[in-house]
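Those protein sequences? They're chains A and B, same order as listed. Here the first sequence stands for residues 53 to 336, where the numbers follow my numbering. Here the second sequence stands for residues 53 to 336, where the numbers follow my numbering.
Bear in mind the hints are in silico, worked out from the structure with no lab data behind them. Just so we're clear, the structure is a prediction, and the values are computed from it rather than from any experiment. Take these hints with a grain of salt, some might be off.
Claimed, not checked - Derived BS3-like pairs (lysine-lysine); straight-line CA-CA distance at most 25 Å:
1) A:263 <-> A:291
2) A:273 <-> B:243
3) A:71 <-> A:117
4) A:263 <-> A:243
5) B:243 <-> B:291
6) B:273 <-> A:243
7) B:243 <-> B:273
8) A:335 <-> A:69
9) B:117 <-> A:273
Protein chains: 2
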Amino acid sequence: MEHILSGRAAAADLQAKLKERVLALQAGGIVPTLATVRVGEDGADASYERAIVRVCQNVGIRLQKHVLPLGCGQAALEDQLRRLDRDPETSGILLFRPLPKALDEAAAAACIRPGKDVDCMTEAALAGVYLGTSGSWAPCTAEGCMRLLAHYGIDPAGMHAVVLGRSAVVGRPLATLLLRANATVTVCHSKTRDLAAVCRSADLLVAALGKEHFVGPEYIKPGAVVLDVGVHWNAAAGKMTGDVDFDAVAPLAGAISPVPGGVGAMTSTMLAAHVVAAAEAQKE
Amino acid sequence: MEHILSGRAAAADLQAKLKERVLALQAGGIVPTLATVRVGEDGADASYERAIVRVCQNVGIRLQKHVLPLGCGQAALEDQLRRLDRDPETSGILLFRPLPKALDEAAAAACIRPGKDVDCMTEAALAGVYLGTSGSWAPCTAEGCMRLLAHYGIDPAGMHAVVLGRSAVVGRPLATLLLRANATVTVCHSKTRDLAAVCRSADLLVAALGKEHFVGPEYIKPGAVVLDVGVHWNAAAGKMTGDVDFDAVAPLAGAISPVPGGVGAMTSTMLAAHVVAAAEAQKE
């Protein structure tokens, strides 16, 4: 087993495969297209947006950026989404969230059909994750974790996987994906007693709780696989860091994903993969 | 803590509360009404249907039974469901499942609006369980487990809950409900290594794997709360039994639900609770 699980390497590998699929689509006259919709100019997720631009350019996905003014109102947002949903040139739609508080996210999501919901916004996509049915896509970061494991030949089947964090976008969908992959899955959170002991029982530990350097060596069973979903800007160190204290944990772990260049590097590539898959499905 | 967690007692208590809510609805001219739809006459779940009749009569819910012929076809089923969905007299709709193989369950569910989906068939209801949003109802048996715990004042917060079984109707939704109640939740299944040891780490063990008397004393931490979701007809003994070997486990458990008269006794009452809640919501 490789010791460092590089999201950059896994993403590059997936992007190469996506490029081929895009060429096949283009040969059939189809250009896979991602429409992004943002309300207000300055998003906190500008780095995510830059990553999307980079991946789409590399893979061959056409990008349409739509920006609505901050005070646009629900009707204008829904009109825009419905227009993109009807547009045969649009393969997939990404709505940047969270929306301004005055806007209703669920009602906006309902304007998108599951076949264009590349970011798991709709009830149908959520239900698909829950039921394990095909035809919809899981949240990109959760799926990125699975893809990173697969890239390094790590099969979660039979492993005890402990997921630290229970958010709707990462912790819970990832728990569902790991369960589907036949792991025994424990979800931990702020109310968990003896948290370090529970984590030490993990063959696979996923840190997705959003607390910088929370996971130290006392959380790690020697040889365990450790995925770090956390992303924090450490001003003192002048670099990105994760939920895991990498320097202290890496010597114990059997394999570990770094920050940056680990799980986070997978997210925009998974989004691109969904756009390509959506374009392929729409072709049929 | 009571040693025997009686679903009959908890259901009777809930039914008494539902009766009062039904009286309040009737005073406003509303009779909560459950429409059941069955395809083909002889269901394997005849005992569930009898329980529903009994609970509805006791609580004051009007029951409409609709039976479609076995070879009815998808269109006829969907027409029937849409008619009931539009009917202002129908508060909630229960479609008996599984359907004959020729029929499409998801397409049938899509004919029911979330507000009448008292059995968690629709994507919206599943997404609601997943996201923890209100306005839809969880599967009745999973919710029955939570209600049974609540009736006996057992708060799962901080407990390590182990759910044995990962079905879409019980194991997974129950894991989600327990997580929302701040338990640390582990889902186990046929691929789990060292199953007995994992179960022995549980403060709360839920057996929902569908194997008669699978859970023996070696699965139990002394003092643990044990819920038995299994229902088996033991012909030799001439009685219903569960997934738990009750006689062997009960002396160790801090509290345990019997079969029959445990979790199973909650299901039809939870369904009735959803019908009453639906009628109340529709009134508004």
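Do the hints match the structure? See the list:
Simply put, residue 263 (chain A) and residue 291 (chain A) have alpha-carbon atoms about 15 Å apart, close enough for the 25 Å limit, and the pair holds. For the suggested pair residue 273 (chain A) and residue 243 (chain B), the alpha carbons sit about 21 Å apart, so the restraint of at most 25 Å is met. With a C-alpha separation of about 21 Å, the suggested pair residue 71 (chain A) and residue 117 (chain A) falls inside the 25 Å cut-off, and the hint holds. A hinted pair counts as satisfied when its Cα atoms are at most 25 Å apart, and residue 263 (chain A) with residue 243 (chain A) qualifies at roughly 15 Å.
Proposed proximity of residue 243 (chain B) and residue 291 (chain B) is contradicted: the alpha carbons are some 30 Å apart, above 25 Å. Only pairs whose Cα atoms come within 25 Å are accepted, and residue 273 (chain B) paired with residue 243 (chain A) is accepted, the gap being roughly 21 Å. Proposed proximity of residue 243 (chain B) and residue 273 (chain B) is supported: the alpha carbons are some 21 Å apart, at most 25 Å. At most 25 Å may separate the alpha-carbon atoms for a hinted pair to count; residue 335 (chain A) and residue 69 (chain A) meet this at roughly 19 Å.
Annotation: proposed proximity of residue 117 (chain B) to residue 273 (chain A) is violated, straight-line Cα distance about 57 Å (limit 25 Å).
Taken one by one, the earlier hints fail for this structure at numbers 5, 9, listed in ascending order.
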